[in-house]
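Residue numbers (numbering that gives the first Met the number 0), protein chains in the order written: chain B, 0 to 322; chain D, 0 to 280; chain X, 0 to 341.
Heads up, a few of these hints could be off.
[Stated by the list, open to error] If you want the footprint, here are the derived chain X segments under chain B, 3+ residues with CB under 8 Å:
| no. | segment |
| --- | --- |
| 1 | 151-158 |
| 2 | 245-258 |
| 3 | 327-335 |
Since the hints were derived computationally from the structure, they do not count as laboratory data. Cβ coordinates follow ideal geometry from the N, Cα and C atoms, glycine included.
As a plain string of letters, each chain reads:
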Amino acid sequence: MDKRIPVLRVEDLDVEFRTRSGIVRALQNVSFEVHRGEMVGIVGESGSGKSVSAMTAMGILDPAGQVTKGAITLGGLDVLNASESTLQEMRGREVSMIFQSPRTALNPIRTVGKQIADVLRRHGSATRQTAREMAIKALMSVRIPDPERRHDAYPFELSGGMCQRIMIAMALSCRPELLIADEPTTGLDVTTQAAIMDLIKELAVERNMATVLITHDLAMAADYCDRIVVMHAGHVIESAPTAELFAAPKHPYTAKLMKATPRGEGSLDDIDSIAGSLPDLRTELPPCRFSARCERHEDICDTPPLAAQELSPGHFVTCRRPL
Amino acid sequence: MNEFFKHLKYVLTENPVTLIAGGLFMTLVVIAVFGPVLVPYDPLASNAALTLKPPSWEHWFGTDQLGRDVFSRVLIATRLDLAIAVSAVAISFIVGSVLGSLAGFFGGWTDRIVGRLTDTIMAFPLFVLAMGIVAAMGNTVENIVYATAIINLPFYARVARTEVNVRRNADFVLAARLAGNSSLRLLATQIYPNMLPPMMVQISLNMGWAILNAAGLSFIGLGVRPPTAEWGIMVAEGAGYIVSGEWWLALFPGAALMLAVFCFNLLGDGLRDLIDPRRRT
Amino acid sequence: MNGNGKLRMIIGRLGQSIPSVIGIIIVTFVLTRALPGDPAVYFAGPAATPESIQQIRESLGLDKSWPEQFLLYVRDLATGDLGVSISTGFPVAEELLRRLPASLELTLLALIFSISVALPLGIAAATRPNSWVDQLCRLIVTAGVSLPVFFTGLFMVYIFYYLLGFAPSPLGRLDIIYLSPPQVTGFYTIDALIDGDLEVFGAALAQLIMPAVTLGTFTLAPLARMTRGAMLQVLSSDFIRTARASGLRRSTVLYTYAFRNALLPILTTLGMVFSFMLGSNVLVEKVFAWPGIGSFAIEALIVSDYVAVQGFVLAMALLYVALNLTIDILYTLVDPRVGLDD
Numbered sequence: 000m001d002k003r004i005p006v007l008r009v010e011d012l013d014v015e016f017r018t019r020s021g022i023v024r025a026l027q028n029v030s031f032e033v034h035r036g037e038m039v040g041i042v043g044e045s046g047s048g049k050s051v052s053a054m055t056a057m058g059i060l061d062p063a064g065q066v067t068k069g070a071i072t073l074g075g076l077d078v079l080n081a082s083e084s085t086l087q088e089m090r091g092r093e094v095s096m097i098f099q100s101p102r103t104a105l106n107p108i109r110t111v112g113k114q115i116a117d118v119l120r121r122h123g124s125a126t127r128q129t130a131r132e133m134a135i136k137a138l139m140s141v142r143i144p145d146p147e148r149r150h151d152a153y154p155f156e157l158s159g160g161m162c163q164r165i166m167i168a169m170a171l172s173c174r175p176e177l178l179i180a181d182e183p184t185t186g187l188d189v190t191t192q193a194a195i196m197d198l199i200k201e202l203a204v205e206r207n208m209a210t211v212l213i214t215h216d217l218a219m220a221a222d223y224c225d226r227i228v229v230m231h232a233g234h235v236i237e238s239a240p241t242a243e244l245f246a247a248p249k250h251p252y253t254a255k256l257m258k259a260t261p262r263g264e265g266s267l268d269d270i271d272s273i274a275g276s277l278p279d280l281r282t283e284l285p286p287c288r289f290s291a292r293c294e295r296h297e298d299i300c301d302t303p304p305l306a307a308q309e310l311s312p313g314h315f316v317t318c319r320r321p322l
Numbered sequence: 000m001n002e003f004f005k006h007l008k009y010v011l012t013e014n015p016v017t018l019i020a021g022g023l024f025m026t027l028v029v030i031a032v033f034g035p036v037l038v039p040y041d042p043l044a045s046n047a048a049l050t051l052k053p054p055s056w057e058h059w060f061g062t063d064q065l066g067r068d069v070f071s072r073v074l075i076a077t078r079l080d081l082a083i084a085v086s087a088v089a090i091s092f093i094v095g096s097v098l099g100s101l102a103g104f105f106g107g108w109t110d111r112i113v114g115r116l117t118d119t120i121m122a123f124p125l126f127v128l129a130m131g132i133v134a135a136m137g138n139t140v141e142n143i144v145y146a147t148a149i150i151n152l153p154f155y156a157r158v159a160r161t162e163v164n165v166r167r168n169a170d171f172v173l174a175a176r177l178a179g180n181s182s183l184r185l186l187a188t189q190i191y192p193n194m195l196p197p198m199m200v201q202i203s204l205n206m207g208w209a210i211l212n213a214a215g216l217s218f219i220g221l222g223v224r225p226p227t228a229e230w231g232i233m234v235a236e237g238a239g240y241i242v243s244g245e246w247w248l249a250l251f252p253g254a255a256l257m258l259a260v261f262c263f264n265l266l267g268d269g270l271r272d273l274i275d276p277r278r279r280t
Numbered sequence: 000m001n002g003n004g005k006l007r008m009i010i011g012r013l014g015q016s017i018p019s020v021i022g023i024i025i026v027t028f029v030l031t032r033a034l035p036g037d038p039a040v041y042f043a044g045p046a047a048t049p050e051s052i053q054q055i056r057e058s059l060g061l062d063k064s065w066p067e068q069f070l071l072y073v074r075d076l077a078t079g080d081l082g083v084s085i086s087t088g089f090p091v092a093e094e095l096l097r098r099l100p101a102s103l104e105l106t107l108l109a110l111i112f113s114i115s116v117a118l119p120l121g122i123a124a125a126t127r128p129n130s131w132v133d134q135l136c137r138l139i140v141t142a143g144v145s146l147p148v149f150f151t152g153l154f155m156v157y158i159f160y161y162l163l164g165f166a167p168s169p170l171g172r173l174d175i176i177y178l179s180p181p182q183v184t185g186f187y188t189i190d191a192l193i194d195g196d197l198e199v200f201g202a203a204l205a206q207l208i209m210p211a212v213t214l215g216t217f218t219l220a221p222l223a224r225m226t227r228g229a230m231l232q233v234l235s236s237d238f239i240r241t242a243r244a245s246g247l248r249r250s251t252v253l254y255t256y257a258f259r260n261a262l263l264p265i266l267t268t269l270g271m272v273f274s275f276m277l278g279s280n281v282l283v284e285k286v287f288a289w290p291g292i293g294s295f296a297i298e299a300l301i302v303s304d305y306v307a308v309q310g311f312v313l314a315m316a317l318l319y320v321a322l323n324l325t326i327d328i329l330y331t332l333v334d335p336r337v338g339l340d341d
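The following block holds chain B by itself, in its conformation from the complex (with noise of 0.2 Å):
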């Protein structure tokens, strides 16, 4: 199999939301590839669109919310003219995402093993009487001790950190060709992190599975991640292979960005050392969305149109005087 062809491809994508006090201009031009066996992370503030996106890939987009220009296309299929039973069909199955707060993303009303087994019937993999015996093997590959007993618990019963496993352990049961996880970490103690993330890498690897790591955690991304797509207010402004990005970044909010969190310290949340914050998306904005904080903004950076450069193999960048 061309290992070129990507599994997810994003396309100039853009999305608007409806609300009471305007249109928000949410996503402008977002565009990246995740390839086989690759971890591509996404990181950027609160609020840069991260989540998005990866709504928008899975097409469980806010009603709210419309997508006016671009095209997704997963393992093949055109996301955005797919109808909805397509998606259900795909969802869970070639394509799985896993959200923070394990908790309450789980039913707290019903034991999780019914739940893993809930996904293992509707895509097939399993029948009313393998149900039980398979989300048991699931919870087993996500290496949860005592599956047997585990399997009827609730989510209340259990921590945050088996929540998470048991979210993983859904997701992955009809063995995805891609994986989403959005901040799946957010909120669980370090070390339950740590060992949260080395399984997702674990799993990932195993698989030959492609990853989408959504974070704010500038250094996790650094530590798992093979390329790193950097969000600001709706854009991405640049993206490249980890170790280049960290090396040398060549536009000036991410140069700022590694500044505010050296390796292994703080989130992108925490920084306050870049001055202003995020623009109002509902607003008329110049074609590039950092320009009222960028240090380097001169006249050019406000002609249209900004598109993104290949300044070396791999290493994209947005902006009119990369650094």
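Since the structure of chain B is already known, use the hints to place chains D and X on it.
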């Protein structure tokens, strides 16, 4: 104050229904107060020649089995029905909110006793309890008021208790306490006035329910006696004539009831929008 | 939580209702005995002579001290003695029991009607916000809360019986040309079916429809409102997002995941709905001349038969406690988290 009126204007214009409810409310009050002056006919005057006439230009709502003008009776009944509801709610509110405030403020045994009291009342289906109270105390209009007041008490007690509990440890209370105010004084002057706005919402919503209750009690023959004009008893008297097709005896008092209850419910919803801080922009 | 834990919780709930029962007994005692004036006069009735009043006073123990009276009262209750009705001459307990099936049949049918309309309506309104279904739901909720139940009943009679002629005459459980079926449960519909008499079954059902719909319409409003509200809230929660992201079918997400969770606040509302229902039962029975315990109470009120009225109040209150207990237990069974803070 200016803030309040700005917000009032916003709520009223945002939701025209509240405006309509407000207008309806004023109309009801006017009718209640000026009833005797407004009626075209004497509500108690019977006329053997004009019995059971359908609605016409002379008699907008028709005449009843004794030849009395239904329109006049419906108008006059407004005063009695509103009076019953207002008195019941007033008693309910005063007693209930005081008990609830004491319970919420002092906690401990006070809370337990008040809690037991409200729980016991709520252990009964409320209308049935009202029936029992009127039966025990005597079949008069006053007792209808007291019975309705008693069964509505728990609502006010509970809301008051919660509101006081929430405010008990607020900064302004602590400041007043430091200034040397005694507990009761604190409760009366600082906390109680502050929780009146949410209570107003309860009162408005409760009025509708109180009216329905009182009408229900008079429908089954309690409290009001003929020939008094009251919506509930008028519907009861008109009920017998429905099967022979004389619908106007029961429809108009019933519709009046519905309008009054509807008005108070809408008003309560509107007040809630006005007062609930979460809705403030 | 295992079966043993659930059982213990159910027993705990049973225990929790004991204070309510005690409160009810005390209140009814106060209402019957601690009246202003001479209770004996009340009990003797309006046609009493001084001799009969004295007789009543002695037989009911009204000349004894209050604690003694209370004990006597409780003893009587324990043996099922609710006194003797002045108007009929029969023991109150017997009268109530005889008329109970009529009320139960009516209330049960009303409840079934109410639930089968309110729940789907609420769910549909929640899944199609701002559609015509949603507006209809909101209209029904607002109107339903404002309409007096006796008014709805009367107008149903007017439209369906007088104007359209669909419905049978609103004069009780069965048209006089029919004989009531042999008594098994007391429910005419079920008894007719057991007897194999389809004609009587149809006639009984026809008489039931209008009063049941009237009673049910009144309770429809709070139920539909709560269903819509609860569904809206649940549908926006995290675990529904996970369910959708896992590709679960719409029906699975809606019913197995969303609705079951929404059921919890709906069950709680049901408790409040029962309070309205038991009260409105009385009014509906009057409008439709339904020979249940409600009309028994109304007749008793008119002839000042206070013993009967108080027996009625006590019976209804105990029924209400039992209903609430059932809901509590149902809640416990649905929600595995209950009992964590006991």
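> With a cut-off of 8 Å between beta carbons, are at least three residues of the segment 151-158 of chain X near chain B?
Replying inline: violated (count 0)
> Taking 8 Å as the C-beta cutoff, is the stated coverage of the segment 245-258 of chain X by chain B satisfied by three or more residues?
Replying inline: holds (count 8)
>> Taking beta carbons only, do three or more residues of the segment 327-335 of chain X come closer than 8 Å to chain B?
In response: Check passed, 3 qualifying residues.
Against the hints set out earlier in the document, a violation occurs for number 1 only.
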